[in-house]
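The listed protein sequences derive, respectively, from chains R and S. Just so it is clear: in the first sequence, position 332 is 332 by our numbering, and no numbers are missing. Just so it is clear: in the second sequence, position 88 is 88 by our numbering, and no numbers are missing.
Honestly, the hints are just simulated from the structure, not real lab data. Check the hints yourself; a few may be wrong.
[What the hints assert, rightly or not] To give an idea of the interface, some chain S residues facing chain R are shown, with a C-beta separation under 7 angstroms as derived from the structure: (1) Asp22; (2) Leu78; (3) Tyr82; (4) Ser84; (5) Phe101; (6) Gly104; (7) Ile105.
Heads up, the beta-carbon is just placed ideally off N, CA and C, and yes, glycines get one too.
Here's the letter readout for the chains.
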Amino acid sequence: MKNFLVFVHKELLHIIRDPKSLMIMILLPLIEILLFGFVLRFEINSANIAVYDIAKQELSTQLIHRLEGGKRFKITVANSMPEAENLLIAGKVKAVLCIGEDFEQKAREGRESSLQLLLDASDPNIASTIETYISATLADFWADSIVSAPAPLLKVEPLLYYNPLLKSVYVTIPGLISVVLMLICALMTSISLTRENETGTMKVLLISPLKPLQIIIGKLVPYLMVSMVNVGIILTLAFTVFQMPLAGSLIMLILVSLLYSLCALALGFLISTRAKTQQLAMMISLAGLMLPTTMLSGMIYPIKNMPLWLQGITMFMPARWFVNILKHIMLKASPFSAYADDVAILLLMTATLTLLSLKSFKIRFK
Amino acid sequence: MNDKIVEVNELTRNFGEFAAVDNITFEVTKGEIFGFLGANGAGKTTAMRILCGLLAPSSGTATVCGYDVASQSEQIKLNIGYMSQKFSLFNDLSVWDNISFYAGIYRMSTAQIKQAGHQILQELELGKYKHRLVSSLPLGWKQKLAFAIAIIHKPQLVFLDEPTGGVDPITRRAFWDMIYRAAAENITVFVTTHYLDEAEYCDRISIMVKGKIGAIGTPQELKEQFRVQSIYDVILALARGEEQ
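Build out the structure end to end from the sequences listed, making use of the hints.
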């Protein structure tokens, strides 16, 4: 046991003595979370829209005030349809709302009254977000409005659960945790293990009384520690800077992060048994793990929108299951049974990867 | 009492169809400096890996320090030291970190590590450089340090795998002084080399040719056996014999 601790100590020295990799491990997650948190947003703050109010009556004026009051829109008043359209074409506004002259009258009579919304769909995300906002604002407006008349008979009333403000940070943070842990665990361990092979020190270690399993675990433990520190940093930022809620249990959150880290470590280990050089290990980890983790975990792009074959591939991404578990714990406070399947899949993946890499580690030296 | 530290008996190791080590038999006596020579690909490395317990033999037996290589590699590992051409030091760790790391994985106590470590620093005059990174040391110093570390746990036997590769003649000579000192402390030295002047420094040498032992004996015996003046000529004679 003592020689094992000596080994872990050495690994920690490697990490601490190498300012470059230490920077990567601590700063990169920080930068990523700030970047993703602030930049990768699907909600819109103060979008420019033009309103052409033909009616110019009490109710329509109130509606415009309501739209302005929400701080989500900057309203430009247009005096004719061509003027409004020109604003849209010039790119000065992202949408045009046109209020017909019989708007108030129809509303009071309880008849269906419609508004026209022109959207600049060159950026579909923004367009659909604006549409959602406006619909939501209208729904609110009807509910509060002095008009006692019943609103249209069939009314869809969206009730948003878990993320009522539709904050995209709530989606990106869990995804980000999965990316950063994958980076630290898989990339760093695969590099560190192949470095040991490249410099010939691995052979000396294998000839020493250290058992191969001790060498492997000794390599992985320090990175597991670093990744837990990173989980701490990311969560602190998530809770403070981005005001992310934690609906479920913190202990459970840490436990699944640990499991996912182990899975990523096993992946890094597997890569190191296959890759001959550090560069190759880095390429495989970056291209083979980072990108798919970002794209296919459901962090940015919904898995349901992907073609079927790609959906099949996402099944093999540990991050997909991890992100799902994180959402359950952080946003929904679901009981364990709700995500037990995902945990089981992660466990299975970790076990398989560990066995696979142990096997090829042995083949290499026997 | 058995004074053989390595006993190899009809040892063979196949990789598929190819016999890297082909039915070799030899012994190494305690305290001697045994030179293990042979061209690249002659099977030296494979034989050495088997003796270090890294590779299982296909057939035949071998014991190192009295332990069987196939079944008792754990005990062997505790009793041997190893140094390779790459010196096996961690460049991004300091001199002292390297010493205490290797001593530690050989299960030495903190007090032993301290004592043995300071002895190394003193002998190699590295005291000033205790906390320097190994990467900043000249090659010759690294090599000496690597050797001192390889025998820090006072093994019965040390394997040196081309320990002087890429080092100048003067430094090589100084390195051999260290080897003699180790042998005087009753550490058996098993060394592979491509430098034939070094072969002359050994008590006994064996020359591997295509997986077999082509010749074995003291340098003097071999020269007499082949009726030549130098080990170089012995190797040439062996190579010619192989061609015919």
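TODO: Please verify that hint: S/Ile105, Cβ, nearest Cβ of chain R, below 7 angstroms or not.
DONE: Holds. Min distance 4 angstroms.
TODO: Please verify that hint: S/Gly104, Cβ, nearest Cβ of chain R, below 7 angstroms or not.
DONE: holds, 3 angstroms
Open item on the list: Quick check on S/Ser84 please, does its C-beta sit within 7 angstroms of some C-beta on chain R?
Closed with: holds, 5 angstroms
- [ ] Let me know if the C-beta of S/Tyr82 comes in closer than 7 angstroms to any C-beta of chain R, holds or violated.
- [x] holds, 4 angstroms
Open item on the list: Interface hint check: S/Leu78, Cβ to nearest Cβ on chain R, cutoff 7 angstroms. Holds or violated?
Closed with: holds, 5 angstroms
Open item on the list: Restraint: S/Asp22 near chain R, CB-CB cut 7 angstroms. Satisfied or not?
Closed with: violated, 20 angstroms
Open item on the list: Please check whether S/Phe101 passes as an interface residue: C-beta within 7 angstroms of a C-beta belonging to chain R.
Closed with: Constraint on S/Phe101 satisfied, holds at 5 angstroms.
Comparing the model with each earlier hint shows a violation of hint 1 alone; every other hint is respected.
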